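S.K.: Use the sequences and the hints to build the structure in full.
So the chains spell out like this:
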Amino acid sequence: MIEWQAVSKSFGNVPAVKELSLTIAPGEFVVLIGASGSGKSTLLRMANRLVDPDQGRVLFKGQDTRALRAEDLRRRMGYAIQSIGLFAHWTVARNIATVPELLGWPAARIAARVDELLALFDLDPGLYRGRYPQQLSGGQQQRVGVARALAADPEVLLMDEPFGALDPVTRQALQGELARIHRASGKTIVLVTHDIDEALRLASRIVLLDRGCIVQAGPPAQLLLQPASDAVSDFIGRSDLGLKLLGLLSVADRLRAGESAPGEPILVSASLREAMSAFVVRQTDRLPVVDAQGRPVGAIGLNDLLRRRE
Amino acid sequence: MRKRLLPLTWLPKAWSSEPLPDPMTAMGQGLPGGRGWVRNRVLGLLVIGAIGAALSLSFVTVAPNRLVSGAAVALQSLMVAVPWDLWAAAAVLVIAVFVPATQLTQVAVALAAALLFAGLAGLAGSEAALRSAGLPALARVSLGGGFWLMLLMAWLAFADALQRLDLPLGWRSLAHAALLGPLVWLVGAGALDQLSLLKEYANRDESFHAAGLRHLQIVAAALAPSLLIGLPLGFAAARSDRVAEPLLALLNLVQTMPSIALFALLIGPLSALAAALPGWGLSGIGLLPAAVALTLYALLPIVHGLSSGLRQVPAAVLAAAAGMGMTPRQRLWRVEMPLALPVLLAALRVTTVQVIGLAVVAALIGAGGFGALVFQGLASSAIDLVLLGVLPVLALAAVADAGFALLIMAWAGPQR
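If you're matching them up, the sequences are chains F and B in order.
Quick note, the first sequence lines up with residues 1 to 310 if you use our numbering.
Quick note, the second sequence lines up with residues 311 to 726 if you use our numbering.
Just so you know, these hints were derived from the structure itself, not from any lab.
Values in this document were obtained by computation on a predicted structure and should not be read as measured data.
Each hint should be verified, as a subset may be incorrect.
If the Cβ cut is set under 7 Å, some of the chain F residues that face chain B in the computed set are [as the list claims (entries may be wrong)]:
| id | residue |
| --- | --- |
| 1 | Leu68 |
| 2 | Glu71 |
| 3 | Arg74 |
| 4 | Ser83 |
| 5 | Phe87 |
| 6 | His89 |
| 7 | Thr98 |
| 8 | Gly104 |
| 9 | Val169 |
What follows is a list of derived Cβ distance ranges for each label pair [claimed, not checked]:
| id | chain 1 | residue 1 | chain 2 | residue 2 | range |
| --- | --- | --- | --- | --- | --- |
| 10 | B | Ala534 | F | Leu68 | 26 to 32 Å |
| 11 | F | Gln135 | B | Arg514 | 23 to 29 Å |
| 12 | B | Pro478 | F | Gly237 | 48 to 54 Å |
| 13 | B | Ala534 | F | Pro106 | 36 to 42 Å |
| 14 | B | Thr637 | F | Asp153 | 20 to 26 Å |
| 15 | B | Thr637 | F | Gln135 | 27 to 33 Å |
| 16 | F | Ala108 | B | Leu583 | 39 to 45 Å |
| 17 | B | Glu555 | F | Thr23 | 27 to 33 Å |
Residues on chain F that point at chain B, a partial pick, calculated with CB under 10 Å [unchecked claim]:
| id | residue |
| --- | --- |
| 18 | Asn48 |
| 19 | Asp72 |
| 20 | Met77 |
| 21 | Ile84 |
| 22 | Leu158 |
Backbone N, C-alpha and C fix where the C-beta goes; we use that ideal spot for every residue, glycine too.
M.R.: Here it is in structure tokens:
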């Protein structure tokens, strides 16, 4: 879907990206992660030509992006940023309608799409359509920001630390919504962050960058279990590596179907990390498991967290 | 590359659109309240001032003709009785000094002050009517110092009450303009006809109306070119510091020149130009130098207003607009200009009021306008004629100010 071919970019004398190559397949959720100055944002901004590389080229669906008009390219890619940048003089509806309007959609189609997106992000269209950005909370503003990025149903969604400025509770809720949208729509998403937990939670592939080069790229479990270097382990954090691994799996993965246990049940969709926490808090080594409707589906034991059952 | 310009330090505080204090703090601490018996020290001082003015200064003066200064008549020696509603309004203001500051108190103070404002004029009008009946035709009954001071105190009490009510800017300006309504009605009904000021008007209503028309012409002839020149310059100043810094320095320099000096300085070059281009109807005195000088003054607020308006658009908003796929032109017209507009309108508001005032001075170089009445009055020490020139300028400025305040409120209203 997007392919960076040996791209380099310097700002003044400071190199931001050095001869970097990366290919993103359709439907992937790729998280670009690294410390500040690692070149992750620059790499993202090359995709929609907000930055043009000094050397190398960027392909979108096999086509050199420099052959396309920058504005046309950008209208095919959703773009959401940390500071959101909603237009203060436009209503929520008009903000979301930005790209469809630029593309010249008919008004009725735009209105329907705006309502659909507001509903998707749990914002009552009747209530929020006519509001102005200043009348929304930070979390609502970023929901509108992401809705605006998705408005014209773009093939790719580019997100530059979209949840960085939000409080932890709102951030988790929005991460959950984004994961749901990715599963439901199968859109290609490229997200920049410096938050390793966000990366582990969302990514189908993590690309760890340092000083303009890729240090390691792979699925979350691979970064945790086979770090390419000490630098990778340092970045991920050694002390709670086990908990992070548990965070990648859900209770469903280790469920003893049909068995039962006494006490407060845990959701089958909860992560093993949450299950670990529940074992410690409840001072037990067995928990009953229920599904989303509250029906018992089995049990899970403390030992089940350690290894896959034969 | 993009940096904010210096704050508008030359803006008078009252014109700047700073956020208003929160009503609770405004009620509690922001404005001087008072301790013990006195709940509103500001109003208390105004009431004491008004009582002092009523007791010690003349309410009207009576003179045998328009040029000599007359004999003082204090409020307590008026021939007409002060009507009960004026007493009531005065009583409300006195009581309000000692009453806790609730919304209701402020509304009562504003209404009483407005009634007093118009009522004082009406009282002076009836006194003049009563006295003129027994005097020769040349005799004049003029408004005295005590009248003007009490009028000022009433207006300040009105303004203070509006401030404490924490009304939005636009409504406050509109209320100030509305204060003039009853006065206009009194004039229209002929209730003030026997006052010297109105006699002066009756003597020269034709030249008054011509002066008014001319005043508006001067203002338009200054504002139109300053917009035509100032907006492109402001845009350039927003885009480049290398343009902004020398340009604003130059315009600041113009601003420091006294208007009389600037008018005089322009006579020479414009006369030369008029001589060089005989067929063009140019002239070194009159409307042309006035328009040129006022345009020069108006350029600074317009250039500064547009460029600081454009510069305060957040970088994130521009990044988002670019990332959405807006072309530079779409970014300018759909995002940057609308977001800069409130700042530009605030600057235009100052500019218009400033030009309306400065146009008075333009009469010195033969441009006409209300200033002609002012300088004619000054030359013949006819104070009423001076007032006849000054009062409509004040009214014009108040109306323009209220108009812009409403415009700003209408634009920014739903977004707040």
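S.K.: Taking the hints in turn, state whether each one holds.
M.R.: Here is how each hint holds up against the structure:
no. : hint                            : result
1   : Leu68                           : violated (11 Å)
2   : Glu71                           : holds (4 Å)
3   : Arg74                           : holds (4 Å)
4   : Ser83                           : holds (4 Å)
5   : Phe87                           : holds (6 Å)
6   : His89                           : holds (5 Å)
7   : Thr98                           : holds (5 Å)
8   : Gly104                          : violated (12 Å)
9   : Val169                          : violated (23 Å)
10  : B/Ala534 x F/Leu68: 26 to 32 Å  : violated (44 Å)
11  : F/Gln135 x B/Arg514: 23 to 29 Å : violated (55 Å)
12  : B/Pro478 x F/Gly237: 48 to 54 Å : holds (52 Å)
13  : B/Ala534 x F/Pro106: 36 to 42 Å : holds (40 Å)
14  : B/Thr637 x F/Asp153: 20 to 26 Å : holds (21 Å)
15  : B/Thr637 x F/Gln135: 27 to 33 Å : holds (29 Å)
16  : F/Ala108 x B/Leu583: 39 to 45 Å : violated (60 Å)
17  : B/Glu555 x F/Thr23: 27 to 33 Å  : violated (48 Å)
18  : Asn48                           : holds (6 Å)
19  : Asp72                           : holds (7 Å)
20  : Met77                           : holds (8 Å)
21  : Ile84                           : holds (7 Å)
22  : Leu158                          : holds (8 Å)
The structure fails to meet hints 1, 8, 9, 10, 11, 16 and 17 from the earlier list, while all remaining hints are met.
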